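With the hints as constraints, model all of the structure from the sequences given.
Each chain, letter by letter, is given below.
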Amino acid sequence: MLILECPYCGVHAEETELQAGGEAHLKRFGPGSSDEDFHDYLFMRENPKGVHFERWRHVNGCGKWFHAARCTVTLEVFGTYTAQTGTPPQALLDEISTKRPGWTWREFTDASAPHAGAEDAS
Amino acid sequence: MSNAVSVLNGASFTGLAEVKDAGLVGMITLRGDLASKSLAKAVKECTGCAIPGIRKVTQADGTTVVWMSPDELLIVTAYQDVDAKVDALSTALTGAHALVVNVSDARAMFTVSGSGAREVLAKVAPVDFAADQFVPGGFRRTRLAQVAGAFWLDTDACFNIVCFRSVGQYVFDLLTTSADANAEVGVY
Chain A
16 MLILECPYCG
26 VHAEETELQA
36 GGEAHLKRFG
46 PGSSDEDFHD
56 YLFMRENPKG
66 VHFERWRHVN
76 GCGKWFHAAR
86 CTVTLEVFGT
96 YTAQTGTPPQ
106 ALLDEISTKR
116 PGWTWREFTD
126 ASAPHAGAED
136 AS
Chain B
558 MSNAVSVLNG
568 ASFTGLAEVK
578 DAGLVGMITL
588 RGDLASKSLA
598 KAVKECTGCA
608 IPGIRKVTQA
618 DGTTVVWMSP
628 DELLIVTAYQ
638 DVDAKVDALS
648 TALTGAHALV
658 VNVSDARAMF
668 TVSGSGAREV
678 LAKVAPVDFA
688 ADQFVPGGFR
698 RTRLAQVAGA
708 FWLDTDACFN
718 IVCFRSVGQY
728 VFDLLTTSAD
738 ANAEVGVY
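Protein sequence lines, in the order shown, are assigned to chains A and B.
Start counting the first sequence at 16; every next residue gets the next number (the numbering used here).
Start counting the second sequence at 558; every next residue gets the next number (the numbering used here).
Think of the hints as simulated: they come from the structure by calculation, not from any bench.
Keep in mind that this is a model prediction, so the values were computed, not measured.
Note that CB positions come from ideal geometry on N, CA and C, so glycine has one too.
Please note that a few of the clues may not be correct.
[Stated by the list, open to error] Short, incomplete list of chain B residues facing chain A, as computed with Cβ under 10 Å:
| id | residue |
| --- | --- |
| 1 | R612 |
| 2 | W624 |
| 3 | M625 |
| 4 | S626 |
| 5 | D628 |
| 6 | E629 |
| 7 | V684 |
| 8 | R697 |
| 9 | R700 |
| 10 | V704 |
| 11 | A705 |
| 12 | G706 |
[As the list claims (entries may be wrong)] Derived pair list, reagent style SDA-like, types lysine to any residue, alpha-carbon separation capped at 20 Å:
| id | chain 1 | residue 1 | chain 2 | residue 2 |
| --- | --- | --- | --- | --- |
| 13 | B | K613 | A | H27 |
| 14 | A | K79 | B | I611 |
| 15 | A | K79 | B | A592 |
Now the structure itself:
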């Protein structure tokens, strides 16, 4: 069972109290953007084997949206953090780097890895 | 003016615990910045209660102030006092980014009391009801089987349950089924 700690009310909520909100940290491309940017914003999603960042809502609880970082392979939850941010907190990124050396997800990567972000160039 | 009644008009059931429709209860939703001094002062003057901490309630003179979310409080008070309190709070919060609404008739309230109360609720909500975990003054907003609900524990070991009035019958039936005298588990 998936258990996430709501960063607002501190409840260790199990999944029946939560609602999945899809991928985290999407950058919106709206009116005036190129068709390609808008297409990518609407349709292109990560499907990682490993570290993933998601949005969740504590729907049967305080009702707030928050972010969660977890591993899609082991279902390990690295941590949760508030929705009022565009990037995950550094402490959480460092923790993920310790547990999953060389991880990469969108523009976020293991900063300590020698070739961080190299896979993105291909 | 029609005669106001609560959702199940005082229905009650006794089994593992006593389940009761609490009758007409006044409820006020207050949204705003809970950290602001003007809001804390307005709540204190209107209810006599301090702003509760996270997942806590504060009580004074028959009025309970409940922490609902980081920007929302629920004020539970006598049904006939609600309009006066809404006016007083609205006046006190003039100019502040806040919302005060009388939600008394949109909600239902039940009480579950007795030695089996923790067990009755534990069957229907994903919450740890161990005596050292869910203590008096504690509050939790969660689900009751399939519907949203919230409850807090009074100092006299009585759980107060708040849900939407539209699902009042469902919640009462759920609690009475859970409190059936032949359905004891004996965990708590």
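- Item | List of violated hint numbers, smallest to largest | none
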